[in-house]
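Produce the entire structure from the sequences given, and follow the hints as far as they go.
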Amino acid sequence: MASLRVLVGCKRVIDYAVKIRVRPDALGVVTDGVKHSMNPFDENAIEEAVRMKQKKIVKEIVVASCGGTQSQETIRTALAMGADRGIHVEIPKGTDESLQPLAVAKIFAKLVEKENPDIVILGKQAIDDDSNQTTQLLAGILEWPQGTMASVVEHSEGKLKITREVDGGLEDISVGLPAVISADLRLNEPRYATLPNIMKAKKKKIEKMSPEDLGVDVTPRLKVLKVVDPPVREAGDKVPDVSTLMDKLKEKGHI
Amino acid sequence: GGVITDVSLLLPQAPSSVNVAMFGCDTFEKVIRTFRLARQSMGEIVSACEFMDRTCMKAVNEQLSLSSPFPDPHPFYFIVETSGSNQEHDMDKLEAYVGRVFEEGAADDGVLATSKDQAARLMALRENIAPALKQLGYNYKYDVSLPLGQMYSLVEKVRKVLQSVEGSHIGSYGHIADGDLHLNPISPRYSKAVLGMIEPFIYEEVAKLRGSISAEHGLGLKKANYLKYSKDSEVIEMMRTLKEVFDPNHIMNPYKLLPWK
Chain A
1404 MASLRVLVGC
1414 KRVIDYAVKI
1424 RVRPDALGVV
1434 TDGVKHSMNP
1444 FDENAIEEAV
1454 RMKQKKIVKE
1464 IVVASCGGTQ
1474 SQETIRTALA
1484 MGADRGIHVE
1494 IPKGTDESLQ
1504 PLAVAKIFAK
1514 LVEKENPDIV
1524 ILGKQAIDDD
1534 SNQTTQLLAG
1544 ILEWPQGTMA
1554 SVVEHSEGKL
1564 KITREVDGGL
1574 EDISVGLPAV
1584 ISADLRLNEP
1594 RYATLPNIMK
1604 AKKKKIEKMS
1614 PEDLGVDVTP
1624 RLKVLKVVDP
1634 PVREAGDKVP
1644 DVSTLMDKLK
1654 EKGHI
Chain B
557 GGVITDVSLL
567 LPQAPSSVNV
577 AMFGCDTFEK
587 VIRTFRLARQ
597 SMGEIVSACE
607 FMDRTCMKAV
617 NEQLSLSSPF
627 PDPHPFYFIV
637 ETSGSNQEHD
647 MDKLEAYVGR
657 VFEEGAADDG
667 VLATSKDQAA
677 RLMALRENIA
687 PALKQLGYNY
697 KYDVSLPLGQ
707 MYSLVEKVRK
717 VLQSVEGSHI
727 GSYGHIADGD
737 LHLNPISPRY
747 SKAVLGMIEP
757 FIYEEVAKLR
767 GSISAEHGLG
777 LKKANYLKYS
787 KDSEVIEMMR
797 TLKEVFDPNH
807 IMNPYKLLPW
817 K
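So the protein sequences, as listed, match chains A and B. Residues in the first sequence are numbered consecutively from 1404, following the numbering used here. Residues in the second sequence are numbered consecutively from 557, following the numbering used here.
To be clear, the hints were calculated from the coordinates, so they are not data collected in a lab. Please note that the accuracy of each hint is not assured.
Per label pair, the in silico range of CB-to-CB distance [said to hold, decoys possible]:
# : chain 1 : residue 1 : chain 2 : residue 2 : range
1 : B       : Glu712    : A       : Leu1580   : 50 to 58 Å
2 : B       : Leu704    : A       : Asn1519   : 54 to 62 Å
3 : B       : Arg766    : A       : Lys1458   : 40 to 48 Å
No residue lacks a Cβ here, since even glycine has one placed at the ideal position from N, Cα and C.
So, in structure tokens, the structure goes:
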């Protein structure tokens, strides 16, 4: 019964629980010696693919990551969660931090040509740049339907019913295959890497390639001018009564 | 005895790489094997070794809605935490250790945390045992240390003793590296009769196994009168004599540590 193939994307980012520090040159954040892990939304993406495989909807899960050498660790984690094989698109050190959504979308479009998946699942956004663009750009390049911010994905008769988390609440859509999905936090609870799967993951294949191999130019189109801490919250004013409060609000132009 | 007048703390550098692995074991003997392998393969970076039993895991799952990482229940769980300065080196060691545990069949299941959030959630299962067990009834709390191989035998003995008490449980967990066992017999409500069944029985059993009746929490007020289970009367008299030197008027921390009945 399982006939579909899934391509899942994952990104190595600074661990969600780490306290970020801005670099002295104000062009980025400190990454040296800082704990990194898989982008949390990507964990949801992989978990969903693995669940579809357990339900026998999907027969093969390929996981891909674009980044420096250490992205291999993230791919291994995905393999330990249940993906079948990995693809590492290696970005040379120095340019890996400037890799942007458009370049990633172009790379994934080429991987789609190569792997022919029925579904592509990505995390809705990376917690380092918070772009929330790659899925949409990829769907545009491929001219495939997209279901973004997915919190429920159901498969039936060659279509996917997706519930999207949107500002106004929840939106239900139906997309035909092939399609691109981006996973939101409430889609599922990602599993831990289990002992037997960690051991199996060591034997799973990770194919390495470069953007040049795929014919993609990853030169950034956007330039970071400055990175600063958010302004420190200043102390508020305490006022003795309501009429003073009204005066102050008027004075500051709030009412 | 003495009086503290000033305190300064020498703080170690916080480790930059902290990792957590948790194992499910079907026998206590496997817990010991998995623990020993941790000491052998990763000795210098091991920062915590904890075990907990099924009663404790069930309590945190059901009373506090903290989910187990394992789909199937196990009689015992073992958690190891490593702390070091190099994430790559530490992960390599952990993966080698986990591989050995798997190959030698020392544990029946295991998971490795791959993010700080996962690591915190695994440790939370251990850290919330006390409040979870509290929901099951009245906890008679014991903190004893025993030779590693004997640790669980005491729990089995107390379980037999409490078999006749309806609605009773016995939760046990502890810092296995120190041979420390937190033993929590539980009855639906406090009962002098139940207390009489387990005390001084527990202290006598610990004394027979040459353990300590107070592993880490100290004797304080409640256990001062049980010091005889861990120390001979001559030693207790020597302790009293020393205290008399510093505290002839018995005003420093009275009724604590030394038997007063």
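Going through the hints against the structure:
{"no.": "1", "hint": "B/Glu712 <-> A/Leu1580: 50 to 58 Å", "result": "holds (57 Å)"}
{"no.": "2", "hint": "B/Leu704 <-> A/Asn1519: 54 to 62 Å", "result": "holds (56 Å)"}
{"no.": "3", "hint": "B/Arg766 <-> A/Lys1458: 40 to 48 Å", "result": "violated (56 Å)"}
Hint 3 from the list above is the single one not met by this structure.
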